[in-house]
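S.K.: The residues making up each chain are set out below.
Number of protein chains: 4
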Amino acid sequence: MANRNGKLSEEKVFKDPVHRYIHVRDKLIWDLIGTPEFQRLRRVRQLGTTYLTFHGAEHSRLNHSLGVYEIVRRMVDDVFKGRPEWNEEERLVSLCAALLHDLGHGPFSHSFEKVFHMDHEDFTRRIILEDTEVNRVLKTEGKDFPKKVAEVIAKTYSNKQVVSLISSQIDADRMDYLQRDAYYTGVSYGHFDMERILRVMRPREDQVVIKYSGMHAVEDYIMSRYQMYWQVYFHPVTRSAEVILTKILHRAKQLHEENYTFKQEPVHFYSLFNGEVILKDYLKMDESVILFYFQAWEEEEDPILSDLCSRFLHRNLFKYVEFNPSNEQMMKLLELKALFKKAGIDPEYYLVLDSSSDLPYDFYRPGEEEERLPIHLLMPNGEIRELSRQSEIVDAISGKRRTDHKLYFPLDLIEDLSVKRTAKKKIIELLNLHK
Amino acid sequence: MANRNGKLSEEKVFKDPVHRYIHVRDKLIWDLIGTPEFQRLRRVRQLGTTYLTFHGAEHSRLNHSLGVYEIVRRMVDDVFKGRPEWNEEERLVSLCAALLHDLGHGPFSHSFEKVFHMDHEDFTRRIILEDTEVNRVLKTEGKDFPKKVAEVIAKTYSNKQVVSLISSQIDADRMDYLQRDAYYTGVSYGHFDMERILRVMRPREDQVVIKYSGMHAVEDYIMSRYQMYWQVYFHPVTRSAEVILTKILHRAKQLHEENYTFKQEPVHFYSLFNGEVILKDYLKMDESVILFYFQAWEEEEDPILSDLCSRFLHRNLFKYVEFNPSNEQMMKLLELKALFKKAGIDPEYYLVLDSSSDLPYDFYRPGEEEERLPIHLLMPNGEIRELSRQSEIVDAISGKRRTDHKLYFPLDLIEDLSVKRTAKKKIIELLNLHK
Amino acid sequence: MANRNGKLSEEKVFKDPVHRYIHVRDKLIWDLIGTPEFQRLRRVRQLGTTYLTFHGAEHSRLNHSLGVYEIVRRMVDDVFKGRPEWNEEERLVSLCAALLHDLGHGPFSHSFEKVFHMDHEDFTRRIILEDTEVNRVLKTEGKDFPKKVAEVIAKTYSNKQVVSLISSQIDADRMDYLQRDAYYTGVSYGHFDMERILRVMRPREDQVVIKYSGMHAVEDYIMSRYQMYWQVYFHPVTRSAEVILTKILHRAKQLHEENYTFKQEPVHFYSLFNGEVILKDYLKMDESVILFYFQAWEEEEDPILSDLCSRFLHRNLFKYVEFNPSNEQMMKLLELKALFKKAGIDPEYYLVLDSSSDLPYDFYRPGEEEERLPIHLLMPNGEIRELSRQSEIVDAISGKRRTDHKLYFPLDLIEDLSVKRTAKKKIIELLNLHK
Amino acid sequence: MANRNGKLSEEKVFKDPVHRYIHVRDKLIWDLIGTPEFQRLRRVRQLGTTYLTFHGAEHSRLNHSLGVYEIVRRMVDDVFKGRPEWNEEERLVSLCAALLHDLGHGPFSHSFEKVFHMDHEDFTRRIILEDTEVNRVLKTEGKDFPKKVAEVIAKTYSNKQVVSLISSQIDADRMDYLQRDAYYTGVSYGHFDMERILRVMRPREDQVVIKYSGMHAVEDYIMSRYQMYWQVYFHPVTRSAEVILTKILHRAKQLHEENYTFKQEPVHFYSLFNGEVILKDYLKMDESVILFYFQAWEEEEDPILSDLCSRFLHRNLFKYVEFNPSNEQMMKLLELKALFKKAGIDPEYYLVLDSSSDLPYDFYRPGEEEERLPIHLLMPNGEIRELSRQSEIVDAISGKRRTDHKLYFPLDLIEDLSVKRTAKKKIIELLNLHK
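Quick note, the sequences are listed as chains A, B, C and D, same order.
Residue numbers for the first sequence follow the UniProt record's numbering, beginning at 1 and rising by one.
Residue numbers for the second sequence follow the UniProt record's numbering, beginning at 1 and rising by one.
Residue numbers for the third sequence follow the UniProt record's numbering, beginning at 1 and rising by one.
Residue numbers for the fourth sequence follow the UniProt record's numbering, beginning at 1 and rising by one.
Misleading hints may appear alongside valid ones.
Since the list gives no way to pick one copy over another, a pair counts as held whenever it fits inside one copy or between any two copies.
[What the hints assert, rightly or not] Cross-link-like lysine-lysine pairs, in silico, DSBU-like; alpha carbons within 35 angstroms at most: (1) K114 with K7; (2) K406 with K147; (3) K319 with K424; (4) K143 with K319; (5) K280 with K81; (6) K143 with K253; (7) K147 with K424; (8) K342 with K143; (9) K342 with K155; (10) K341 with K425; (11) K406 with K280; (12) K284 with K81; (13) K284 with K319; (14) K400 with K253.
None of these hints come from the bench; they were simulated from the model.
Remember, predicted model here, so these are calculated numbers, not experimental data.
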């Protein structure tokens, strides 16, 4: 099916709603798509619990991974090819890194990482380097090839230009997810002129720069990103589902530690609970498995586990109020916790403070935690300038972190507190719910 | 949250990529959406195995159900309201029937219905009428209300006009799924001017007719439907996945009947295997459960069950050739079956003839099986004419059934037949695979 | 600005709403776009009088010409390049012919050609071959180059493959105008998957064939074309404006022949009236000039010329009734003409029978007038089959001409016939206007 | 055709690419659309010279006016209707003001207003109040009705809520043109979620406020506006065409004042040249007339008039360099002017400094020139807050004016300066053109 230079005898295409078509010409890419590890991404949603807020957001990480691959393919095949600053030998490692960059994501991975103290990037690396089908396919390209791909994803690869294709403040990953998530949720944000941005990208020594003539398209992209974060990714209903999900995992772990006897024993979770996850087990984890357990656990006798699973499955989520973590408010929170306990509602699981925070764009702050490479413009005179020094709009939002705190709780349980009139009244008052 | 006339105090909206927004003003609708039975539809994909061909087609039946509801809502609130032929009292039953019409669908329901001889419409009826949350919510509208909703869906409701809103050759169901499936797959078919069609719909005695001025929009809709069937719904790669899925279910059932000892006992399937499904069990069935089992069964010792599950999960599907079921070809099929057996590949599971068939539009054929109500035009002079008598294009395709037969088989297994050279050669020849 | 091989030092792009961007890499193309003859197409609307029906349809022939060029560019640069059946030397002649194929169009050219018995194709040829800027630019490519371009447009070029790119039943011209006209009018017809069609086009000896896998996209294209003809191009309101326009030109010509003294002498029309158009004069003709005259003529003393111009400018168009040109109906028409005369309304200008006719697709009918090259499919086995033999839908409409006749008249004038009660009543009766 | 309450017996619709359909239910609106003064707007482009940069931008002011009407119709019929703060009696005056707000625009009106010191708003008022068809139609609604409509447009109407519908920082006018101009040019800016903004608009005493939940949609709208200004409206190629157009009008006026004998006497311009424009003459002015003259003037003997007309018609525009009006640079400009004169190129017409300036959003600055009403949010607690106090992004750009200066000149003429080597060299140096 492939000829000598690793090209398929006939180009394969996948129909894609965002990029129209995903084009595959390399046998290596085709074979990677066919591995069990890559196909597993069909069973992990790109946006976790977001589908409970935006019913259209049911798309998988496989869907997104193909998109990132296609964007990098256009960069290297349509824009960079033939330019002296671009090393054609980096083409295949770039394509593979783009395709595989999310390989290690588990089901609902943000919650998972938080509860089980793990890191999806670590699993991405392991899937690429250890004994997997992906590793076998990558090795057909050379013994060191898997290591190179893993390094690009880990941002430790020597050629920073290649790294920046999928990890920078304007990379293929972000360009795909903003558009794709906007498409599936149906929101009108998330659109920007990617075709223009691609056309004005230029490889330079350690990075990819943007020709000045494309600055407004980049501004638009940054604004899209900002809007998507606050309108979609941090949507309070999504956060509420996330809070419940996290609490389910906590509860199951706690019960396991307390030697609770499950009707549906959490065999898939044992290694996670114990903190020693072997790769083979990890690869069995996907959202079907999680939802299978949640459904089973809905019938456990532990009332908290059962209730939380039921809430998640049937979208009976927590309500929320804005919460400003000042001293005064934190005192109020303590008081609320006490009242919850008194009312028989375990505040550990039913009164949750959750924060979202985003930095829409940042210039370079060497030495600081979470260093972010800034976007650079290539000016008409050949000079390189950092974006926020040229764009007033970007300058206006650059480096400004916005944080939002909310307090989540089950309004229905509180309203049902018929026998605990005083506690109920006080809780409602503290949560400012009386109207 | 609702005032006296059953309206929510504030309209709720869901962002929808196809209809922009889904508007909910009635408390009854809001409560139905919140039932576990309706939320379960999030775990059943609208297009079954299609996501293995079109990676974008990961949307659920809940997604589609909201869309059908919204279309009927626009019909009754924006177009029919105030017209003398429309009975305003039918509004709520129409909306509920639209929202709930797919409630009984199981996971991958076409295969399920075929293997287990069941009928999703029967389950829809039971979920509405038996002891469920949906039934409880519906009864708040009146004791007989669930029965009325079930009758509309079953097409036995006395007011045929209401029935036709969701069950005719141009109903809200079809109008939603054509557009929605096109949107999620990304294909360029499936588009037609629904807004125009809605504007020219007029309630008449037993049906809804279309003003003549909208005829071309209807032609376009029928052509869209035709294209979607052959380009998406009958796509041979999707059919291949469907074939494998069906064979997995067959195999599990057979093993169960043969008292095979499963590592993962198919407890969720027992009642299906035995043909006596109780509703409570049925409602636990969804695609998470199926995929959970398939993953577990991949490690069963039965080589057929394990292989088929692996193929389905990792998209290692069967290949196909066109097959014309003439006597001569059927002889060839027998010969092939014998050769497969000889080569050690069970033809029962690995050589499958599959047919797709569609009738893009049909006029009225009283007495015939599968009677289909034709589309009627309201001519400028007030006359009612059947569509195909007025539209040359529709006439050209009216009543013409198109059928397609394909033979599916695992090309990789055949190519691996190194020790059975002769059988292999002969199989390849009969399947016309030599090139 | 251009380097040795005729390429611009930097690619130029035009933003285009239909194709996103129009890419220009050849200095020759850039220079042709800059000629006065090409820029003149900005002042000729692509759809003539259609903007009076669909207010969005104000786009010019320059707009469309760039689109046709871009489609051919994609064919030759992205699809054909490197294929053995494609002669790379034909690239530039193909691009030029695409860009210039509409160069000879006059203002509202259908009416013009009809009234003045001229042919825009003849003027296209003359602009390319005679003493113009376009000719000078083309000659930089070779002395014979203009002749080659003209031959491609005239369909007499020896390489029929090249001819078919812009003149066949699925050429770049049609693919652009269907999409572009749909975009500007805003109708939902006119969409088809051009990207797919381009991808499956294959150059063959005397034609371009379509791989079988693209058949459904071609079916969709043909249906789009059909819908656009009847929904947009033959829209009766557009036809009404066309009828009035034609009658204005007739009237002006007649007055000129009768030595009527115009306040605004029709100097720009003299050569048209006399039937001896010199190229220089023709190139001065555009829709600004026409509208300038119509505005001036609104104040002429001739009541017919003044009234018709006023109707056209202020969109006070004729109404219409369906008319079936049977003997009986033709008798009725005669009677109506007599009644119009009696009522003082000149039927020559105010009672107009107009017909529209279209053949959505035709197979090959050698020897017949208006021979049309059929679309050929390239079957998987290498065989070439005519489209209608493979596609049931295309077969159903193939070769079937549809014709529509309408009778146009000024309803307002008839309604104003207060002193001629009997004639008015009879006219209204014959036109079936009483209700 | 209309019944007693002024409604048409059947709703009329226009297909619109931006809003899908324009709905007309009121006979008054239908009649206004049919007036010669409104139809004249078909012959005035919405974006003046922009079509020379973005070939798709050929849409007329009629096109836009229908759009503004439709947005206001949706506001008053779909959002405001029934709300206590909205006075239903203002409905019709709002719709008429929306439809007619641009009525007084002349051809290429920015240049016109500048050269002839006139004001299109003044003409809008006169067309509504003086002896026109529009005035006659409006008076059918009441003797004072035209005055009310004119006052709304002039912002002097007593009900400021009504005024704000078409004149505020988030009015129907802006919402239409941003989307429409984006659609026709094809740029990817200009999109925002208008449907959401409409849904959250609430009439309040003197204004229309936006519910807080729609704040992000408003931010997106403001960013769209910002991008459209710098990417489309101030595009330097468009400005170049504008510069040439202005200079043509200047030259014609000057020649007229110098008693130059035109071959094509500028009769349509006399009253403009003399500064005493009568309405009847003004209404004859449109872009057909302008282009007719420019074509005629291309053959005038005055070399400047002829050259400039030729440049405009054939898009042979001026080039530009950035120019910062510091003292130093102004000295350089003087030097350049001298050099141009020496080289025989009149700097009055061929060396033009042009500035663009925009204020993307402004809060309220009472007493300052060009007072702009800020956008107000309706907070969940009922409080009203000015937008930039709530939105960080809007705050960042609020009140910040951005200005851009460019120097335009004919590069071709300078390059042709073969006999004036020294001047040429010096000019090229001063303009920084050597590379």
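S.K.: Take the hints in turn and mark each one as holding or not.
M.R.: Here is how each hint holds up against the structure:
1. K114 with K7: Classified as neither: same-chain Cα gap 42 angstroms, cross-chain 41 angstroms, threshold 35 angstroms.
2. K406 with K147: neither (42 angstroms within a copy, 43 angstroms between copies)
3. K319 with K424: within (16 angstroms within a copy, 64 angstroms between copies)
4. K143 with K319: For K143 and K319, the Cα distance is within 35 angstroms only across copies (32 angstroms; inside one copy 53 angstroms).
5. K280 with K81: Neither, since 39 angstroms and 47 angstroms both go past 35 angstroms.
6. K143 with K253: neither (40 angstroms within a copy, 45 angstroms between copies)
7. K147 with K424: neither (59 angstroms within a copy, 40 angstroms between copies)
8. K342 with K143: Classified as neither: same-chain Cα gap 63 angstroms, cross-chain 40 angstroms, threshold 35 angstroms.
9. K342 with K155: neither (50 angstroms within a copy, 54 angstroms between copies)
10. K341 with K425: So K341 and K425 pass the 35 angstroms test inside one copy only (14 angstroms; across, 75 angstroms).
11. K406 with K280: neither (38 angstroms within a copy, 37 angstroms between copies)
12. K284 with K81: Neither. Shortest intra-copy (39 angstroms) and inter-copy (46 angstroms) distances fail the 35 angstroms Cα cut-off.
13. K284 with K319: Classified as both; 33 angstroms inside a copy, 27 angstroms across copies.
14. K400 with K253: This pair counts as neither: shortest intra-copy Cα distance 37 angstroms, inter-copy 54 angstroms.
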